[in-house]
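Protein chains in written order, with this note's numbering: chain F, 1 to 277; chain L, 1 to 342; chain E, 1 to 144; chain D, 1 to 331.
Honestly, the hints are just simulated from the structure, not real lab data.
A few of these clues could be false.
A few chain E positions that, by computed beta-carbon distances, are all more than 10 Å from chain L [stated by the list, open to error]:
| hint | residue |
| --- | --- |
| 1 | M51 |
| 2 | H70 |
| 3 | M93 |
| 4 | R101 |
Okay, derived cross-link-like pairs now, SDA-like style, lysine to any residue, Cα gap no bigger than 20 Å in a straight line [unchecked claim]:
| hint | chain 1 | residue 1 | chain 2 | residue 2 |
| --- | --- | --- | --- | --- |
| 5 | D | K118 | L | T47 |
| 6 | F | K77 | F | P212 |
| 7 | D | K3 | D | P109 |
| 8 | D | K229 | F | G79 |
| 9 | D | K12 | D | K192 |
| 10 | D | K229 | L | P284 |
For glycine and all other residues, C-beta sits at the position ideal for the given N, C-alpha and C.
Listed below are the residues making up each chain.
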Amino acid sequence: MNNRAETLIPVLGVITDVRIDTPDVKTFRVVTPDGKKAFDHKPGQCAMLSIPGVGEAMFSITSSPTNQEYMEFSIKKCGCVTDWLHQAEEGQQLTIRGPYGRPFPVDDEFAGKNLLFIAGGIGLAPLRSVINYCRHYRDRYGEIDIVYGSRSMDDLVDYNEIIDEWTKDTGIRVHLTIDREQEGWNGHVGFVPSYVKELDFSTDKTAIICGPPIMIKFTLDAMIEMGFAKEQVYTTMELRMKCGVGKCGRCNIGSKYVCKDGPVFRCDELSELPDEY
Amino acid sequence: MRRISLYSLDSLFGEISKSMTLYIPASDNAGGAVYTKYEDGVEYLNTLNTVKSPKNFFFPHTEDLMEFKLQGKNIDILDIRQESEDFAVFGVRGCDVKSFDILDRVFLSDPVDSYYATRREHGVIISLACTKPSETCFCTTFGIDPTEPMGDISAWMTESHLYLQPVTEKGKALMSKIEHITEACDDSEVLAQKDKTKNILSKLPLKDLSTDAFGSGKTKELFDSPQWAELSQSCLGCGTCTFVCPTCQCYDIKDFNTGSGVIRYRCWDSCMFSEFTKMAHGNPRLTQTERFRQRFMHKLVYYPENNDGLFSCVGCGRCLSKCPISMNIVKVMKSLGGDKNE
Amino acid sequence: MQVNEYRPLIVAFCCNWCSYAGADLAGNNRLNYPADVKIIRVPCSCRVNPMFILRAFQRGADGVIICGCHPGDCHYTSGNYYTRRRMALLFSMLDYLGIERERTRLEWVSAAEGAKFAATMNDFAETVAALGENKRLEDLRCKK
Amino acid sequence: MQKITRDQIVSKAVSLLQDGTVSAVLGWRQGEFCYDVTPSVFNTAEDIEANFVWNDFCGANFSKYLVSKTKNIDGKLLVFLKPCDTYSFNQLLTEHRFNRESVYVVGIPCEGMVDISKVKAVSGEGIVCAESKGAGLSVTTIYDENPKEIPYAEVLSERCLNCKSKKHVAYDELLGDEGEVIDSARFDEVEKLESMTSEERFAFWQGELSRCIRCNACRDVCPACTCEKCVFDNPNSGAESKAPTNSFEEQMFHVIRAFHVAGRCTDCGECSRVCPQNIPLHLLNRKFIKDINSFYGDYQAGAEVGMRAPLVDYDLGDLEACDVFERRDSE
Chain F
1 MNNRAETLIP
11 VLGVITDVRI
21 DTPDVKTFRV
31 VTPDGKKAFD
41 HKPGQCAMLS
51 IPGVGEAMFS
61 ITSSPTNQEY
71 MEFSIKKCGC
81 VTDWLHQAEE
91 GQQLTIRGPY
101 GRPFPVDDEF
111 AGKNLLFIAG
121 GIGLAPLRSV
131 INYCRHYRDR
141 YGEIDIVYGS
151 RSMDDLVDYN
161 EIIDEWTKDT
171 GIRVHLTIDR
181 EQEGWNGHVG
191 FVPSYVKELD
201 FSTDKTAIIC
211 GPPIMIKFTL
221 DAMIEMGFAK
231 EQVYTTMELR
241 MKCGVGKCGR
251 CNIGSKYVCK
261 DGPVFRCDEL
271 SELPDEY
Chain L
1 MRRISLYSLD
11 SLFGEISKSM
21 TLYIPASDNA
31 GGAVYTKYED
41 GVEYLNTLNT
51 VKSPKNFFFP
61 HTEDLMEFKL
71 QGKNIDILDI
81 RQESEDFAVF
91 GVRGCDVKSF
101 DILDRVFLSD
111 PVDSYYATRR
121 EHGVIISLAC
131 TKPSETCFCT
141 TFGIDPTEPM
151 GDISAWMTES
161 HLYLQPVTEK
171 GKALMSKIEH
181 ITEACDDSEV
191 LAQKDKTKNI
201 LSKLPLKDLS
211 TDAFGSGKTK
221 ELFDSPQWAE
231 LSQSCLGCGT
241 CTFVCPTCQC
251 YDIKDFNTGS
261 GVIRYRCWDS
271 CMFSEFTKMA
281 HGNPRLTQTE
291 RFRQRFMHKL
301 VYYPENNDGL
311 FSCVGCGRCL
321 SKCPISMNIV
331 KVMKSLGGDK
341 NE
Chain E
1 MQVNEYRPLI
11 VAFCCNWCSY
21 AGADLAGNNR
31 LNYPADVKII
41 RVPCSCRVNP
51 MFILRAFQRG
61 ADGVIICGCH
71 PGDCHYTSGN
81 YYTRRRMALL
91 FSMLDYLGIE
101 RERTRLEWVS
111 AAEGAKFAAT
121 MNDFAETVAA
131 LGENKRLEDL
141 RCKK
Chain D
1 MQKITRDQIV
11 SKAVSLLQDG
21 TVSAVLGWRQ
31 GEFCYDVTPS
41 VFNTAEDIEA
51 NFVWNDFCGA
61 NFSKYLVSKT
71 KNIDGKLLVF
81 LKPCDTYSFN
91 QLLTEHRFNR
101 ESVYVVGIPC
111 EGMVDISKVK
121 AVSGEGIVCA
131 ESKGAGLSVT
141 TIYDENPKEI
151 PYAEVLSERC
161 LNCKSKKHVA
171 YDELLGDEGE
181 VIDSARFDEV
191 EKLESMTSEE
201 RFAFWQGELS
211 RCIRCNACRD
221 VCPACTCEKC
231 VFDNPNSGAE
241 SKAPTNSFEE
251 QMFHVIRAFH
261 VAGRCTDCGE
271 CSRVCPQNIP
281 LHLLNRKFIK
291 DINSFYGDYQ
301 AGAEVGMRAP
311 LVDYDLGDLE
321 ACDVFERRDS
331 E
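Could you put together the complete structure from these sequences and hints?
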């Protein structure tokens, strides 16, 4: 046996808390068996979670790096691994490796800027890490706007945190929307791209978008129309991954590997790549 | 430079296999050649290329990565790696030697793939210069000189002798172990052979294949070419080209439940397979045209973009002779790049 | 009885309507058959896909037997006729690949034939035991 | 040695294209060398005249392409089918895999196709030219300018040496003469294996199957393998191992592959033609065909459209599985 570090070999993690966010999203709190955080990460980075025998998959780390105690993953039920995870209980062990990918440039490009976060559905998961990071170092950033939309009220992930914490922070404005009218909902109704247009943001902001591909596409179009430059807009991508380290050849878009060169891309970088995502 | 009579080839193999496992090309009993562990009775086959490339030695077709034991909610992770032992591979052609460089840039770049790195450290490559290239050979297109095959020890085989010239420290170390059965010599025979081979190379049908249209920065120009659809129209979507290719490096990681635990293994995968990029939410490459394009764009544009212009093809010609429908990188290059001869 | 005596592992796919009931009857009548016979209940013998049989061997079976209703008695009218053709071809193919032909068997056992069930299993277990461990169609990963 | 010439085929294709009978032509496209022809759809007369080839290397069976190539076609697709291809054509029609109305079939006689690896085994590498001359191929290499003449008997592919039929079982039009069903010796090799001991057979197949690289070419080319989603690609099947991890996986893949086409395989031999490792896969398929013939009466898949395949059929008096070996041993 040798002691060479091997990035494909994971470490153990334990699920210490399972929170039901929406009918198909749960948030899992993960620590190592001795109760520590598995590794440090930066906002926007991902980790490979696996259940041996079921499979391994890449998830963005939803908790902020400033949380020194544990990591959180908000996971939507949609495939083999996620189905299994949704059945898991507290105390279930899993394997974890990472962190992978290029994070959001929170300490350089974002510093001092007004930030506009736009998320749709489970797309809030990767952004939550950045939002909480920015809230933690509030004085480093300007105004923060958060636009978040989902299919219905029940599908809004992290609703409690949004209402109880985010909306109460100074200098943070939260704009929520749902796709269709619903009883008990007093907020805005409509799709995210059109809501963004309605809100008519000034273009002095750096925007971070995440959500279903179709939402990203239309929101980006709306923002360009509003006068934003592609250089001001960041997004985060997802493709099938196996290794997480840019070797297995699965997540290429052109010469870029989403797992290594992404998942965070600035939109002008993205438009340089072939349209294959 | 040292040499040994071809009559004593077996004693050379015997001597090397005393200190490490030696693999030599031998018949696969089906008209092809396969690297076979040298033992008494294994006969060296002077072949141009083996069917499966020697990348298998460093990046095996399948390998177990780790094992898990499951009990209730608990998991045990077992590192089942074993320090590999020294081994030597004889008869690797110049093109295949170059393919190791291409694979190195993937597996040895940060973060290093230690499974690959360990085997790479333990392997000694004894190359062999080509004397009778095939019509399917086009290694010179990628700047490879098949008469100077490199590796850890370069070798040339003439009618009567095998000439050996160490290239690396590893090669020198191995040479010192076989010094007593080889004799010092000058390189006149080798030079004569090189001239002869170069003359043949200049007559090969694919010698003028050009890479001018490809390389870093050509994505925009080539990606939307209408020719991809035409080129890929009869592609079966099998993995033959990928699996015989010495530079294809895509892999899959899969779990196998043994009943008493779970083995996580890695195996070759092919971007030509329909479910290669399939996710729970859909597949970004739905048609064979897109998958076909990915394979060639990767070799001719994406890889060079990330690796100082180095193409991820060595012109070994395996895909030319093995593709069930005879569609291959040469036809792609000629179609997209314009044929010099036309 | 000898310690460490080799005991083959037998997988028996039994049709729900006849053979499984036959096995029940064998049990009710306290007829002996080896405990190494592991019964897998299937809705009809024609539910058995050739892959099931190979999987059973992979997972450590030394013999695989498929039991269904007698021809003409199938709960679904004709399922066992299809089974008969499939298994005839599959068994012949396995034999052609050099897998011992005694390791696979197809038997018709009705719900009333508890005695036949027990006798068949005893006979099959004996035959397989004589062959020894399944080495030709094994998956070493599953044998740790 | 093909009896009809390229010119005959080309002029037929061009005239059918020009008179509007068909809107496209499925044919063989000229490659880099004399032998590497690629199946291809031709849309213009110019393209056909310049790049269409017909020679001893046009082995590919076009029938399976009809499934994908006729999906979005306006008008008809012209396809040239050799006798053995017409069996696959009928079998696919039987399984409703494409619309007969979208295809115009011209049957062409075939005198057998050449296996280039057999040529290379004789001539060596570096083939510049290999053309038909009398009863053989005349091969020139870069190492020997003097053409070497190799008799066809030495270089024809196995399936052609054991050709089962020169008769077209489906066509709209026939070029050249119709042939006959042949009483071939195609089961000899199977019988040879059957007469070996179990140990010998096991050793034989271990040797052959261990070369498998699981490229799936045999499956992907097979005209009988037209499932939208193959069981070997389906992660939920438990059989999607993707790699020849060990001898079990090799046996499993090949037994199941052959079994899934049993009774539907027309013995076109494409699986063995495409195998990069030269595994004699046809010996698995032929074993099933031979068994079916012997157990349930002679059956040739694809001989007619609409036949009921032996594995979706039964007879009250069918052979019992336990009698299989008695039957064979007494043969």
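(request) Starting from D/K118, check that the Cα of L/T47 is at most 20 Å away, please. (result) 15 Å, holds
(request) Report holds if the minimum CB distance from E/H70 to chain L is greater than 10 Å, and violated otherwise. (result) Fine: 35 Å to the nearest Cβ keeps E/H70 off the interface.
(message) Between the alpha carbons of D/K3 and D/P109, is the straight-line distance 20 Å or under?
(response) 7 Å, holds
(request) Sort out whether F/P212 lies within 20 Å of F/K77, counting only the CA atoms. (result) The given pair, whose Cα atoms are some 15 Å apart, holds under the 20 Å limit.
(request) With 10 Å as the threshold, tell me whether E/R101 passes as away from chain L on beta-carbon distances. (result) 26 Å, holds
(message) Hint check: D/K12 vs D/K192, CA-CA at most 20 Å. Holds or violated?
(response) Violated, because 44 Å separates the two Cα atoms, which is more than 20 Å.
(message) Need the status of pair D/K229, F/G79: alpha-carbon distance at most 20 Å?
(response) The given pair, whose Cα atoms are some 18 Å apart, holds under the 20 Å limit.
(request) May I ask you to check that E/M93 keeps its beta-carbon over 10 Å from the closest beta-carbon of chain L? (result) Fine: 21 Å to the nearest Cβ keeps E/M93 off the interface.
(request) Verify the proposed pairing of D/K229 with L/P284, using a straight-line Cα cut of 20 Å. (result) 18 Å, holds
(message) Just want to verify: E/M51 was marked as not at the interface with chain L; is every Cβ pair farther apart than 10 Å?
(response) 16 Å, holds
The structure fails to meet hint 9 from the earlier list, while all remaining hints are met.
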